[in-house]
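**Q** Each chain, written out:
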Amino acid sequence: MDWALLSVGFSNIFTPGVMLMVLFGCIGGILVGALPGMTATMAVALLVPFTFKLELTHSLGMLLGIYCGGMYGGSISAILIRTPGTPAAAATLIDGYPMGQKGEASRALSMSLFASFCGGMIGAILMTFLSPPIAKFALKFSNGEYFALALFGLSIIVSISGKSVVKGLMAAFFGLCLCSIGSDPISGYPRFLFGQMGLYEGPPFIPTLIGLFALSEVFSGVEKILKTSKIPKTKIKSFPTMADIKTCAVAIIRSAGIGAFIGCIPGAGGDIAAFVSYGETKRYSKHPEKFGTGVIEGVASPEAANNACSGGAMIPLLSLGVPGDAVTAVLLGAFTMQGLQPGPLLYQEHLDIVYNVFACMIVANICMLIVGALGLRVFARIITVDKKILLPVIVILSLVGSYSMRNSMFDVFVSITFGVIGFILQRYDFPLAPILLSLILGPMAESNLRRALVKTDGSFLGVINTPICIVFLSLAVFSLITSFISQTKVNRKMAAEEESEAAKAAQDAADARHDEFTQS
Amino acid sequence: MTKGKVPNIVSSIVGLCIAAFVYFYSNTFPKIKSMAIGPDFFPKMLAIGLALMSLILLITALTSRFQRGFGTLSVKDKGVRRILICLAATIVFAWLIKRLGFIPSSALYMYFMCYVLGMRKHIMMIIISIAVPVVIALSFQYGLKIFLPAGILESILF
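If you read the protein sequences in the order shown, they are chains A and B.
Sequence positions in the first sequence follow the working numbering and run 1 to 520.
Sequence positions in the second sequence follow the working numbering and run 1 to 158.
Calculated from the structure, these hints are not laboratory results.
It is possible that part of the hints are untrue.
Straight-line distance between alpha carbons at most 27 angstroms, and here's what the computed DSSO-like set of lysine-lysine pairs gives [what the hints assert, rightly or not]:
hint, chain 1, residue 1, chain 2, residue 2
1, A, 224, B, 5
2, B, 5, B, 78
3, B, 44, B, 31
4, A, 102, A, 224
5, A, 246, A, 290
6, B, 5, A, 489
7, A, 140, A, 455
8, A, 53, B, 145
9, B, 5, A, 504
10, A, 455, B, 44
11, A, 290, A, 504
12, A, 290, A, 224
13, A, 237, A, 102
14, A, 224, B, 121
15, A, 102, A, 387
16, B, 76, A, 387
17, A, 387, B, 78
18, A, 102, B, 78
19, A, 246, A, 286
20, B, 98, B, 145
21, A, 102, A, 286
22, A, 387, B, 121
23, B, 31, A, 455
24, A, 290, B, 5
25, B, 78, A, 224
26, B, 76, A, 224
27, A, 455, B, 33
28, B, 121, B, 78
29, A, 387, A, 224
30, A, 489, A, 504
31, A, 237, A, 387
Here are a few chain A residues that face chain B, going by a calculated C-beta distance under 10 angstroms [claimed, not checked]:
hint, residue
32, 31
33, 177
34, 180
35, 189
36, 220
37, 223
38, 386
39, 400
40, 428
Where a beta carbon is used, it is the ideal one built from N, C-alpha and C, also for glycine.
Construct the entire structure; sequences and hints are all you get.
**A** Okay, here's the thing in structure tokens:
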């Protein structure tokens, strides 16, 4: 760690030109990240051309501002209209949206911003100090390790299954079956296409996500439009209260650590980090049964994780030249356009630029906090708009978001189809979050398992016998068993409460009939 | 409200049907001589998993004493009829986007949906129906360089 170079890095960043670029990047990233269907990857890809004519440091400032802003921006639409702006915000909506419905949108948004800032800062600091040794560890990940990581991520499904573990697992298997659609990752054979070439790469992820979460909620809103009570207006606060910060402090720190670790594994992005940290926070909580109903830790932990992941994802990018996630893959291209070649040589030949990146990441997170806090008052007002206007606007934005990924009307109809499927599934108590998690992890699990089995000539034991695999698989089994036991206890308790309420209601009805009879 | 038993039984049967379809359709995938594990391996494993979970749900539904009830999805219910109208309108809107163009089709859709959802301030509805699609189209075109279908406007204006 070279403190002199780090201070030079900060002095290079704290110039009016660079700070302006960081500011523009944050604003652009938040706005695009908040739009349904516009991922942080798309935000970076769309805004990269603006950086071509800028100096290197200015360009770095803008790109990293977009990255940080985009990862936070996804939570805004997740909380307000149940449509994650980025896949990494999908875990945020599990508790964020119910909080909005209870009139606590401002509280959820302010905690989301604060947790994103804390997570991003922790990720940036870890990136600064741990970049070389963590990069060496990430190099040891082979196909078996990725498969084990995917299984560990899938084991979280039990903890996000809501009331019924069996229905959660059914939803997960359904999601995994959807992943089988498309070309086989090893042989390229087209599976379950039924003549639709639009499915060749599998069900398009963003339109599926939009359909399952946004359109299904619109259908639900349309049904209940006359019964919906107005969401109470609350005082808008830019920062969470000290009580909320104390409640979420441990969850934020733990989730940031998880996010940074997962981020530095190439190919494992903010979405995986968000769900894993959500599951862990729920497991350690004293009231796991409240998760999913609007719990502040349920917003803080995925947001801390997905923003910490951005710092973690920079580690393999800078030290190995291997992008940590889709956004850093675009950043790799942007760096190359600027004449930089990320990798081991970057540390030897351009160490000053590496420290510029570290300083820029830290400053971008601070800028995101300021911009987000100033914009919060505007964002929180959105859900007070009349639902008769808001619902059709959500549909239009959702269909536009689905269309814009591939300029394809097929994706729009996929989105509508999954909207119907999502509505019916939710009606009969099937949770949607496991489907989403399966869509993210299924391809990773299958492709890495199949490649690993090719290497070991079909021996499954040969795939999972490395120390890293054993650790992840043990964690997965432990996570499944403990989540299942605590979920069963919670369900038994809730079933007993519901039975006693039903018995009480029946007794009251019988008493009322008896009173009526005696009076007559 | 109907009891949870019947919907859970139906759900488990649907799950079993999906699992059976996936399993037997996977049998049509070709075997690859150079690979012990072919494209049918993963779908078959998943189908077995789905079938197992569906069976557990079925057994639980048949044997459990208390089950949470669900709301009905009957066409007689006004809310369900509204959903069907909304769904039909959304499908027509999606079909019209390429033909009429984004702005005209969105304007029509917006006005229709506001009316179905109970809004009756027609002047406000017209203003919103025109303003919202125009703002979205301009934001995407000039802000994000994403061009939405112009439809008949393209032939009229260019």
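**Q** For every hint, state whether the structure bears it out.
**A** Structure-based check of all given hints:
1. A:224 x B:5: Roughly 24 angstroms separates the two Cα atoms, so the pair holds.
2. B:5 x B:78: The hint holds at about 25 angstroms.
3. B:44 x B:31: At roughly 14 angstroms apart (the allowed maximum being 27 angstroms), residue 31 (chain B) and residue 44 (chain B) satisfy the hint.
4. A:102 x A:224: holds (16 angstroms)
5. A:246 x A:290: Judged against 27 angstroms, a Cα distance of about 18 angstroms means the pair holds.
6. B:5 x A:489: With Cα atoms ~22 angstroms apart, residue 5 (chain B) and residue 489 (chain A) stay inside 27 angstroms; holds.
7. A:140 x A:455: Holds: residue 140 (chain A) and residue 455 (chain A) sit about 16 angstroms apart, inside 27 angstroms.
8. A:53 x B:145: This hinted pair holds, its Cα atoms lying about 18 angstroms apart.
9. B:5 x A:504: holds (21 angstroms)
10. A:455 x B:44: Roughly 21 angstroms between the alpha carbons, so the hint for residue 455 (chain A) and residue 44 (chain B) holds.
11. A:290 x A:504: Answer holds: residue 290 (chain A) to residue 504 (chain A) is near 24 angstroms, not above 27 angstroms.
12. A:290 x A:224: With Cα atoms ~24 angstroms apart, residue 290 (chain A) and residue 224 (chain A) stay inside 27 angstroms; holds.
13. A:237 x A:102: Cα-Cα ~16 angstroms, so holds.
14. A:224 x B:121: With Cα atoms ~21 angstroms apart, residue 224 (chain A) and residue 121 (chain B) stay inside 27 angstroms; holds.
15. A:102 x A:387: Given pair residue 102 (chain A), residue 387 (chain A) holds - Cα atoms ~15 angstroms apart, limit 27 angstroms.
16. B:76 x A:387: holds (24 angstroms)
17. A:387 x B:78: holds (18 angstroms)
18. A:102 x B:78: At roughly 25 angstroms apart (the allowed maximum being 27 angstroms), residue 78 (chain B) and residue 102 (chain A) satisfy the hint.
19. A:246 x A:286: holds (15 angstroms)
20. B:98 x B:145: holds (18 angstroms)
21. A:102 x A:286: holds (22 angstroms)
22. A:387 x B:121: With a Cα-Cα distance of about 14 angstroms, the restraint between residue 387 (chain A) and residue 121 (chain B) holds, given a limit of 27 angstroms.
23. B:31 x A:455: holds (18 angstroms)
24. A:290 x B:5: Measuring from Cα to Cα gives roughly 25 angstroms; hence the hint holds.
25. B:78 x A:224: holds (10 angstroms)
26. B:76 x A:224: holds (15 angstroms)
27. A:455 x B:33: holds (16 angstroms)
28. B:121 x B:78: With Cα atoms ~22 angstroms apart, residue 121 (chain B) and residue 78 (chain B) stay inside 27 angstroms; holds.
29. A:387 x A:224: With a Cα-Cα distance of about 10 angstroms, the restraint between residue 387 (chain A) and residue 224 (chain A) holds, given a limit of 27 angstroms.
30. A:489 x A:504: With Cα atoms ~23 angstroms apart, residue 489 (chain A) and residue 504 (chain A) stay inside 27 angstroms; holds.
31. A:237 x A:387: Holds, because 23 angstroms separates the two Cα atoms, which is no more than 27 angstroms.
32. 31: Cβ of residue 31 (chain A) sits 8 angstroms from chain B, so the hint holds.
33. 177: holds (5 angstroms)
34. 180: holds (4 angstroms)
35. 189: At about 5 angstroms, which falls below the 10 angstroms cut-off, the nearest Cβ of chain B leaves the hint on residue 189 (chain A) intact, so it holds.
36. 220: It holds, given that the least Cβ distance between residue 220 (chain A) and chain B is near 8 angstroms, below 10 angstroms.
37. 223: Constraint on residue 223 (chain A) satisfied, holds at 4 angstroms.
38. 386: holds (8 angstroms)
39. 400: Holds: closest Cβ of chain B sits about 6 angstroms from residue 400 (chain A), inside 10 angstroms.
40. 428: holds (5 angstroms)
This entry satisfies every hint, going by the numbered hints stated previously.
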